[in-house]
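**Q** Residue numbers (the numbering used here), protein chains in the order written: chain V, 1 to 110; chain W, 1 to 114.
Hint data in this document are derived by calculation from the structure and do not stem from the laboratory. You may find that some hints are simply not true.
[What the hints assert, rightly or not] Reference listing, derived: stretches of chain V covered by chain W, where coverage requires no fewer than 3 residues with Cβ under 8 angstroms from a Cβ of chain W:
1) 29–35
2) 70–84
3) 99–105
[As the list claims (entries may be wrong)] The calculated label-pair distances, taken between Cβ atoms and stated as ranges, are:
4) W:Leu39 - V:Pro8: 36 to 42 angstroms
5) V:Gly54 - W:Gly52: 35 to 41 angstroms
6) W:Gly16 - V:Leu109: 30 to 36 angstroms
7) W:Gln67 - V:Glu45: 24 to 30 angstroms
Positions of the beta carbon are idealized from the N, C-alpha and C atoms, including for glycine.
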Amino acid sequence: EDQVTQSPEALRLQEGESSSLNCSYTVSGLRGLFWYRQDPGKGPEFLFTLYSAGEEKEKERLKATLTKKESFLHITAPKPEDSATYLCASGVNYGQNFVFGPGTRLSVLP
Amino acid sequence: DSGVTQTPKHLITATGQRVTLRCSPRSGDLSVYWYQQSLDQGLQFLIQYYNGEERAKGNILERFSAQQFPDLHSELNLSSLELGDSALYFCASSVGGQGNSPLHFGNGTRLTVT
């Protein structure tokens, strides 16, 4: 069964304290691994797509990496405005096309 | 701005009623997906359309239906509403329908059933 899990469920960081979020996936035939940021009451905002193991993408304080079984979202020197829920999703070429994880709720304290 | 437009933003209605949620996808995107997100819950896939045709169904209740029109906008119809249907409903669009291009989400319709 296709599955995406994320850890930790929630993470509290002090401003400037770097950390990583994990996304583990078990799907048949990964077409892409996607990261999103969701603010309360808003739609998920697309951040990155990763297509193959070893690939990395960066945007400001965020860097996403991909292996054959998991993806990491590294947050360097986070700021309070980085507080949000971060979702990852596996893209597949069947069924619902996207299998979403439950998200990691990140809080960055000033 | 994702380019995906959802209307209305908020909807308050009574149990037993019927509502229609509307979605305009990003220009050029052929696929539309509908998701339900209850309070503090994950995204639940409801249904997908590609270029006017239904492609995949998820945990969509029989009381719910959707369609995609020739201009590619989509509507989600919810009928015989129950209290438990209160949630955020998101529409997302994608260029293709094969899981290899990202979804772009609208900001949702918040449905409250009283």
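**Q** If you test the structure against every hint from before, which numbers come out violated?
**A** 2, 4 and 6
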